[in-house]
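Sequence order for the protein chains is U and V.
Counting from 17, one number per residue, gives the positions in the first sequence under our numbering.
Counting from 17, one number per residue, gives the positions in the second sequence under our numbering.
Calculated from the structure, these hints are not laboratory results.
Take these hints with a grain of salt, some might be off.
[Stated by the list, open to error] So the derived list for chain V, only partly shown, Cβ under 8 angstroms to chain U, looks like this:
1) T345
2) C350
3) P391
[Claimed, not checked] Computed spacing ranges between beta-carbons, pair by pair:
4) U/A29 with V/T84: 32 to 38 angstroms
5) V/G25 with U/R211: 35 to 41 angstroms
6) U/E35 with V/G25: 34 to 40 angstroms
7) V/R222 with U/R22: 34 to 40 angstroms
8) U/H404 with V/N191: 23 to 29 angstroms
9) V/T84 with U/E190: 45 to 51 angstroms
10) V/K254 with U/G365: 50 to 56 angstroms
11) U/P34 with V/L221: 47 to 53 angstroms
In this text the structure is predicted, and so the values were computed from the model without any measurement.
Quick reminder that beta carbons are idealized off the backbone N, C-alpha and C, glycines included.
Protein chains: 2
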Amino acid sequence: MVKRNRNIGRLKAAYLFPEIARLRREFAAQHPDAKIISMGVGNTTEPILPHIAAGLTEGARRLERAETYSGYADEGLAELREQISGVYYKVAFGIDEIFISDGSKCDIGRLQTLFGPEVNIAVQDPSYPVYVDGSVVIGAAGKDDTASGGGYSGIRYLPCTPENNYFPDLSNIENDSIIYFCSPNNPTGAAADKRQLSSLVAAALRTGSIIVYDAAYSDYIRDGALPKTIYEIPDADKCAIEVNSFSKSAGFTGVRLGWSVVPKGLRFAGGESVNADWSRLTSTIFNGASNIAQYGGLAALDGEGQREIRQMTDFYLENASLIRGALNTLKIDCVGGDNSPYIWARFPGRASWEVFAELLEKYHIVTTPGSGFGPAGESFIRFSAFSHRAGIEEACRRLTAR
Amino acid sequence: MVKRNRNIGRLKAAYLFPEIARLRREFAAQHPDAKIISMGVGNTTEPILPHIAAGLTEGARRLERAETYSGYADEGLAELREQISGVYYKVAFGIDEIFISDGSKCDIGRLQTLFGPEVNIAVQDPSYPVYVDGSVVIGAAGKDDTASGGGYSGIRYLPCTPENNYFPDLSNIENDSIIYFCSPNNPTGAAADKRQLSSLVAAALRTGSIIVYDAAYSDYIRDGALPKTIYEIPDADKCAIEVNSFSKSAGFTGVRLGWSVVPKGLRFAGGESVNADWSRLTSTIFNGASNIAQYGGLAALDGEGQREIRQMTDFYLENASLIRGALNTLKIDCVGGDNSPYIWARFPGRASWEVFAELLEKYHIVTTPGSGFGPAGESFIRFSAFSHRAGIEEACRRLTAR
Numbered sequence: 017m018v019k020r021n022r023n024i025g026r027l028k029a030a031y032l033f034p035e036i037a038r039l040r041r042e043f044a045a046q047h048p049d050a051k052i053i054s055m056g057v058g059n060t061t062e063p064i065l066p067h068i069a070a071g072l073t074e075g076a077r078r079l080e081r082a083e084t085y086s087g088y089a090d091e092g093l094a095e096l097r098e099q100i101s102g103v104y105y106k107v108a109f110g111i112d113e114i115f116i117s118d119g120s121k122c123d124i125g126r127l128q129t130l131f132g133p134e135v136n137i138a139v140q141d142p143s144y145p146v147y148v149d150g151s152v153v154i155g156a157a158g159k160d161d162t163a164s165g166g167g168y169s170g171i172r173y174l175p176c177t178p179e180n181n182y183f184p185d186l187s188n189i190e191n192d193s194i195i196y197f198c199s200p201n202n203p204t205g206a207a208a209d210k211r212q213l214s215s216l217v218a219a220a221l222r223t224g225s226i227i228v229y230d231a232a233y234s235d236y237i238r239d240g241a242l243p244k245t246i247y248e249i250p251d252a253d254k255c256a257i258e259v260n261s262f263s264k265s266a267g268f269t270g271v272r273l274g275w276s277v278v279p280k281g282l283r284f285a286g287g288e289s290v291n292a293d294w295s296r297l298t299s300t301i302f303n304g305a306s307n308i309a310q311y312g313g314l315a316a317l318d319g320e321g322q323r324e325i326r327q328m329t330d331f332y333l334e335n336a337s338l339i340r341g342a343l344n345t346l347k348i349d350c351v352g353g354d355n356s357p358y359i360w361a362r363f364p365g366r367a368s369w370e371v372f373a374e375l376l377e378k379y380h381i382v383t384t385p386g387s388g389f390g391p392a393g394e395s396f397i398r399f400s401a402f403s404h405r406a407g408i409e410e411a412c413r414r415l416t417a418r
Numbered sequence: 017m018v019k020r021n022r023n024i025g026r027l028k029a030a031y032l033f034p035e036i037a038r039l040r041r042e043f044a045a046q047h048p049d050a051k052i053i054s055m056g057v058g059n060t061t062e063p064i065l066p067h068i069a070a071g072l073t074e075g076a077r078r079l080e081r082a083e084t085y086s087g088y089a090d091e092g093l094a095e096l097r098e099q100i101s102g103v104y105y106k107v108a109f110g111i112d113e114i115f116i117s118d119g120s121k122c123d124i125g126r127l128q129t130l131f132g133p134e135v136n137i138a139v140q141d142p143s144y145p146v147y148v149d150g151s152v153v154i155g156a157a158g159k160d161d162t163a164s165g166g167g168y169s170g171i172r173y174l175p176c177t178p179e180n181n182y183f184p185d186l187s188n189i190e191n192d193s194i195i196y197f198c199s200p201n202n203p204t205g206a207a208a209d210k211r212q213l214s215s216l217v218a219a220a221l222r223t224g225s226i227i228v229y230d231a232a233y234s235d236y237i238r239d240g241a242l243p244k245t246i247y248e249i250p251d252a253d254k255c256a257i258e259v260n261s262f263s264k265s266a267g268f269t270g271v272r273l274g275w276s277v278v279p280k281g282l283r284f285a286g287g288e289s290v291n292a293d294w295s296r297l298t299s300t301i302f303n304g305a306s307n308i309a310q311y312g313g314l315a316a317l318d319g320e321g322q323r324e325i326r327q328m329t330d331f332y333l334e335n336a337s338l339i340r341g342a343l344n345t346l347k348i349d350c351v352g353g354d355n356s357p358y359i360w361a362r363f364p365g366r367a368s369w370e371v372f373a374e375l376l377e378k379y380h381i382v383t384t385p386g387s388g389f390g391p392a393g394e395s396f397i398r399f400s401a402f403s404h405r406a407g408i409e410e411a412c413r414r415l416t417a418r
């Protein structure tokens, strides 16, 4: 009989967010009257604003007219790729360097397939689970020794802690690594500045590594001095791929639309083009994002769409500000929430899952335990600002009521 | 520097269909006045019919209203999974055995990641490229020796030829294999009957193999005696995964919606649940199909939607019939087109790419060279019925004009 893929066997039993959803359902079943408030998953809650929504509706309608019907558009609409290059990269990239996707998580999974099992891996610790879990799946993570608290043996964890202001020490990145780096960060909410990102690019160039830069929260940056893309750093186009998404900015978590940037200057050790391999891989195992979603994306990139993205991200940032206010009142040490929709709160000496359980049982609030994001997340809790305003306000009242 | 993934290096330089698109573009540039007719890619051309289209539009509109907005729906709408189980499987499967996807090709890529590099592979030859190419990408295909005409060393090719009536000899499937099987077949158009599929299931059970049954064209079956799903065969739920899609039936090639069935009875050698691993994997590296597409899928599954699918597939089958008629007039030996949208035409003693070039240069018709689907496809051409009626009629006129 067919043997189980041992890489899958090395995964922890459950992906973090379905596990949290399961615990929530269990609690709800036991406490049918509890009004549970979700501040757990980074799932958008607010309806898509009118202009962008009209783009989606028009995208759907185009499919019922012979003149505008379209089938496969594997490589993505040329106009959408052009607009992304213009709006996010000041036309620094050609459309054949911008690849339309069904979202960053899926793209990261495919990037892991691109790089294969034999690369070294470095991740911020804590980090969004797909960097580690996807590396495990493809066989690049080595044996699991999470039992010893050390994570996977084949992965270099780069702790991001209060002590280093949530920007990691880059000196112990191995040569020839794939470095997953997310800024503004999920889960810590930390947004790296120009000096920090310059040191990241320098570290990648020094070690012959490739950065996979996850900019999914770039539209939450409000501090004008902070870079919104890794390509604001000179020479990043020689060592970095960027992934981004409309999920958190336009409310497209359920619509599925994102992109990757793979510069033509990026090369493997033997001189082979990373861009050419990515193009070959995506045409082989992917069939493109929904063309309906792509018309929504086009609307999101024009002047009115960009104003709506600002309005949407402002709303969630106001939620974040309310959460921070409540945590400040409680004198709970926290960061994030100013240039990101996540607040990272510290509960010294306590286990994350224990605090998670207490918040659920006592306040009926669902959060995410920091240890779910990696060893250095232990004793932290991630609060997500993706929730309705009334829920956030009620959660803050419950938390601060004495 | 990061080394290129050697599995990617083993792929042929270009994926078949982008390569054909490139040749078409080149020809068009050299012959700007040529009215090129596409009978190449299996890309739908007809607008989505009104009821299903209204489902898509409603799906888009739901996202702009607070009461109906939805974000991530990784596992797919429960109602959609229920409907698929009801319409396609007579409720033989629970909704946790039906997984919603963004299409079969993408699902097959993820299934290859699920099984990993250490499985044996068997494929119909010729076959849809992703079975082989995706196996190469994940490292399950061994070294390429296509130069010797033998395909990849780690893949067992099962020739489907006129001599065996396009159903392969199953006696040389290795133990513990993943068997990719597509019926109605792309590219040959052959639809396996009950006796043939029973022998396939028996072969899988005998060899401890898992069938990945690609039923993407099942809605084209008109012969009532032919099985529309592998699960019409007893015990298939112990040895088979089925993938299917709305692409070719409802015109969703650009919408992106499909599903996989992974029965709970399916086990790996150590007794581990394939269903549980698939659930874990898809929640890790996938984020679900667009919820807009899913509302379109719901519409496609009700009575009116099913009537529209019948109307749409009838249209393409009429195209197929016209193509067969023209080839018969020319006394070109061909099969398919009766229970499938593809016609497989034989040009004895000639190379597929040579015939492809002749059809393009002489008749301005784009087809697909059979050798692109595997060694046994040499000297065949695939004609696709996915084209506008006027184009099909004009192509037939050009081919039969003397």
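Hints, one by one, checked against the model:
1. Look at V/T345: its Cβ only gets to about 29 angstroms from chain U, farther than 8 angstroms, so that hint breaks.
2. For the restraint placing V/C350 at the interface with chain U, the shortest Cβ-Cβ distance is roughly 24 angstroms, beyond the 8 angstroms limit, so the hint is violated.
3. Among the interface hints, the one on V/P391 is violated; its C-beta lies about 19 angstroms from the nearest C-beta in chain U, farther than the 8 angstroms criterion.
4. Between U/A29 and V/T84 the Cβ separation comes to about 34 angstroms, which falls inside the hinted range of 32 to 38 angstroms.
5. The supplied range of 35 to 41 angstroms is met by V/G25 and U/R211, whose beta-carbon atoms lie about 38 angstroms from each other.
6. Checked against the hint of 34 to 40 angstroms, the pair U/E35 and V/G25 passes, with Cβ atoms roughly 38 angstroms apart.
7. Under the hint 34 to 40 angstroms, the C-beta atoms of V/R222 and U/R22, about 25 angstroms apart, miss the expected range.
8. The beta-carbon spacing between U/H404 and V/N191, approximately 55 angstroms, falls outside the hinted interval of 23 to 29 angstroms.
9. The beta-carbon spacing between V/T84 and U/E190, approximately 49 angstroms, falls within the hinted interval of 45 to 51 angstroms.
10. Between V/K254 and U/G365 the CB atoms are about 51 angstroms apart, so this pair conforms to the stated range of 50 to 56 angstroms.
11. In this structure the supplied range 47 to 53 angstroms is violated for U/P34 paired with V/L221, their Cβ-Cβ distance being about 32 angstroms.
In this structure, the hints that do not hold are numbers 1, 2, 3, 7, 8 and 11, in rising order.
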